[in-house]
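In my numbering, each number is its position in the sequence shown, counted from 1, plus 8.
Incorrect hints may appear among the rest.
[To be verified] Label-pair ranges, simulated between beta-carbon atoms: (1) A37 / Y64: 21 to 27 Å; (2) S24 / S63: 17 to 23 Å; (3) F87 / A27: 35 to 41 Å; (4) A36 / L82: 19 to 25 Å; (5) N75 / T33: 29 to 35 Å; (6) P18 / N75: 24 to 30 Å; (7) A13 / Q48: 18 to 24 Å; (8) T77 / R45: 39 to 45 Å; (9) Y76 / V22: 21 to 27 Å; (10) A79 / R21: 33 to 39 Å; (11) V40 / N75: 14 to 20 Å; (12) A78 / T33: 16 to 22 Å; (13) L28 / A67: 35 to 41 Å; (14) L28 / D85: 32 to 38 Å.
The set of hints was computed from the structure by calculation and includes no laboratory data. Just so you know, even glycine gets a beta-carbon here, dropped at the ideal spot from N, CA and C.
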Amino acid sequence: VYDWAKDASPPRRVLSEQALKYMNTMLAAVPVIGTARRAQLPNIVVAGKTGTTQSYRDAWFVGFTGNYTAAVWLGNDDFTPTNK
9 VYDWAKDASP PRRVLSEQAL KYMNTMLAAV PVIGTARRAQ LPNIVVAGKT GTTQSYRDAW
69 FVGFTGNYTA AVWLGNDDFT PTNK
């Protein structure tokens, strides 16, 4: 039986503290002054990234707070464009 806690290698840092700070600062600006202003929550710091595909086929947002992470996708399952 696989036991993640027993069989996993020890975690290792892949980003420096400074790089992580810069990334979190940039992602936290997206809901405040960027393309995800409607993702703001009262009294909660939200950070994330929006995205779209060509011809308005897909739109998405991946965001996080100190406690939660969520991803939202909007699109049609028949590859047709969505309404703008």
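Going through the hints against the structure:
1. Under the hint 21 to 27 Å, the C-beta atoms of A37 and Y64, about 25 Å apart, fit the expected range.
2. For S24 and S63, the Cβ-Cβ distance of about 39 Å falls outside the hinted range of 17 to 23 Å, so the restraint is violated.
3. Range check, F87 to A27: Cβ separation about 37 Å, and the 35 to 41 Å hint holds.
4. Roughly 23 Å separates the CB atoms of A36 and L82, a value that falls within the hinted 19 to 25 Å.
5. For N75 and T33, the Cβ-Cβ distance of about 19 Å falls outside the hinted range of 29 to 35 Å, so the restraint is violated.
6. Here the CB-CB span from P18 to N75 is close to 25 Å, well matched to the stated 24 to 30 Å.
7. Taken as a hint, the range 18 to 24 Å is violated for the pair A13 and Q48, whose Cβ atoms sit roughly 37 Å apart.
8. One distance hint, 39 to 45 Å for the beta-carbon pair T77 and R45, is violated here, with the actual separation near 20 Å.
9. At about 22 Å, the CB distance of Y76 to V22 agrees with the hint of 21 to 27 Å.
10. A hinted range of 33 to 39 Å for the beta carbons of A79 and R21 is inconsistent with their spacing of about 25 Å.
11. The given range of 14 to 20 Å is respected by V40 and N75, whose C-beta atoms sit roughly 19 Å from each other.
12. Against the hinted window of 16 to 22 Å, the Cβ-Cβ separation of A78 and T33 comes to about 20 Å, which satisfies the hint.
13. Take L28 and A67: their Cβ atoms lie about 27 Å apart, and the range 35 to 41 Å is violated.
14. Between L28 and D85 the beta carbons are some 36 Å apart, a value that agrees with the proposed interval 32 to 38 Å.
Of the numbered hints given earlier, the model fails hints 2, 5, 7, 8, 10 and 13; all others are met.
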